[in-house]
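K.L.:
What follows is the residue order along each chain.
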Amino acid sequence: MKQNKMPFIEPGDRTVFKMPENYFKNFEANLEKRIDALEKEKVSSNGLLQVQTKAKKFKFSMETHRPILYMAAMFVLLLFSISLVLNLSSDKTSSSLRLSAESQTPSATTSVPTAEDYLINSIGAYGITEYYVESEYLK
Amino acid sequence: MEKIDEKELIQMFSDENQRRKAFSILVKQYSESLYWQIRKMVLSHDDANDVLQNTFLKSWDNLSQFRGESKISTWLFRIAVNETYTFLNKERQRNQSNFTDLEDVMIQNLQSDPWFSGDEVALKLQKAIMTLPDKQRLVFNMKYYDDMKYEDISEALGTSVGALKASYHYAVKKIEAFLSLEL
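For the protein sequence lines, the chains are A and B, in the order given.
Residue numbers for the first sequence follow our numbering, beginning at 1 and rising by one.
Residue numbers for the second sequence follow our numbering, beginning at 1 and rising by one.
Quick caveat, the hints were computed from the structure, so don't treat them as lab data.
From a predicted model like this one, the values you see are computed outputs, not experimental measurements.
Cβ coordinates follow ideal geometry from the N, Cα and C atoms, glycine included.
Hints are not guaranteed to be accurate.
Covered by chain A, per the in silico footprint, the following chain B stretches (three or more residues, Cβ under 8 Å) [to be verified]:
#, region
1, 26 to 37
2, 47 to 54
Under the rule of at most 35 Å between Cα atoms (straight-line distance), these lysine-lysine pairs were calculated in the DSBU-like manner [claimed, not checked]:
#, chain 1, residue 1, chain 2, residue 2
3, B, 90, A, 18
4, B, 21, B, 165
5, B, 58, B, 28
6, B, 71, B, 135
7, B, 149, B, 124
8, A, 33, B, 124
9, A, 33, B, 165
10, A, 42, B, 21
11, A, 54, A, 40
12, B, 90, A, 25
If you want a taste of the chain B side facing chain A, the calculated C-beta under 7 Å gives, among others [stated by the list, open to error]:
#, residue
13, 60
14, 87
15, 117
16, 118
17, 122
Let's have the full structure, built from the sequences with the hints guiding it.
P.N.:
Here's what the structure looks like:
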């Protein structure tokens with residue numbers, strides 16, 4: 001311990017600090033116990049650590065393959081949208097084709113004569129007014 | 001106490017069967033000097049005991065990484081210093097949330113500490129030292145109390161001799177100014 005190093009004060013030397021008796025002996029024993037506990041903890045957590053390492057590895061592979069996964073997802077999305085567009089356009093084409101086909105061939109409903117058809121056919125070359133006039137005249 | 005050459009100790013560290021024995025020797029060899037470095041920084045015996053335990057636990061954990069590039073004493077001392085700073089910073093944060101000053105709390109605790117037997121003058125000197133920043137306080141303690149050579153302090157702290165001399169000079173001036181008002 002250095003004494004009177006400073007001119008302004010008698011140094012408050014470190015002997016003013018005390019410690020329990022046999023402190024260092026007990027310290028070593030306590031430290032040994034703590035290290036034992038630490039080592040046991042390490043061994044027990046070793047299994048858990050292995051699981052964590054595996055999880056980390058999986059995460060790592062996910063991270064490295066992420067761009068490929070993104071690309072695959074984009075590709076699937078692109079295919080889906082293309083097929084959707086193609087389906088829509090084919091629907092339109094088929095419906096227009098069906099319409100045109102319907103207009104070309106007479107439908108079953110038009111081939112069956114109705115009362116109206118009969119009436120118009122019976123009028124024949126006469127006009128509708130002449131038909132009514134004649135019928136009035138006959139009365 | 002069993003004194004073993006540093007090289008031999010490093011060799012023992014690399015052998016898993018002898019590591020525990022080597023560590024035990026290390027603790028015996030350095031615990032006292034490290035305790036005093038820590039104690040002068042944290043003042044309380046209980047806190048010094050906690051920090052010293054953490055220092056050795058950390059060194060045990062990192063023993064396999066020690067390659068002998070620096071002296072064992074320097075390596076241990078640096079761990080102890082880091083642990084001390086960590087402790088002081090944590091305490092500072094804890095006190096900040098209570099709107100109290102760590103240095104005031106430490107001095108108050110010192111007054112009622114059964115492991116402190118200093119008189120009023122010694123307490124005032126501690127108060128004066130507590131006004132210094134942590135690193136300056138460390139340099140002051142190493143120079144003033146332990147009378148270490150600047151070269152040795154420089155090796156331990158990794159700071160240039162010139163910077164250490166300046167730091168110690170300013171520390172003394174600050175303490176003188178504080179005590180001239182107090183005494």
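K.L.:
Of all the hints given earlier, name the ones this structure violates by number, lowest first.
P.N.:
4, 8, 9 and 14
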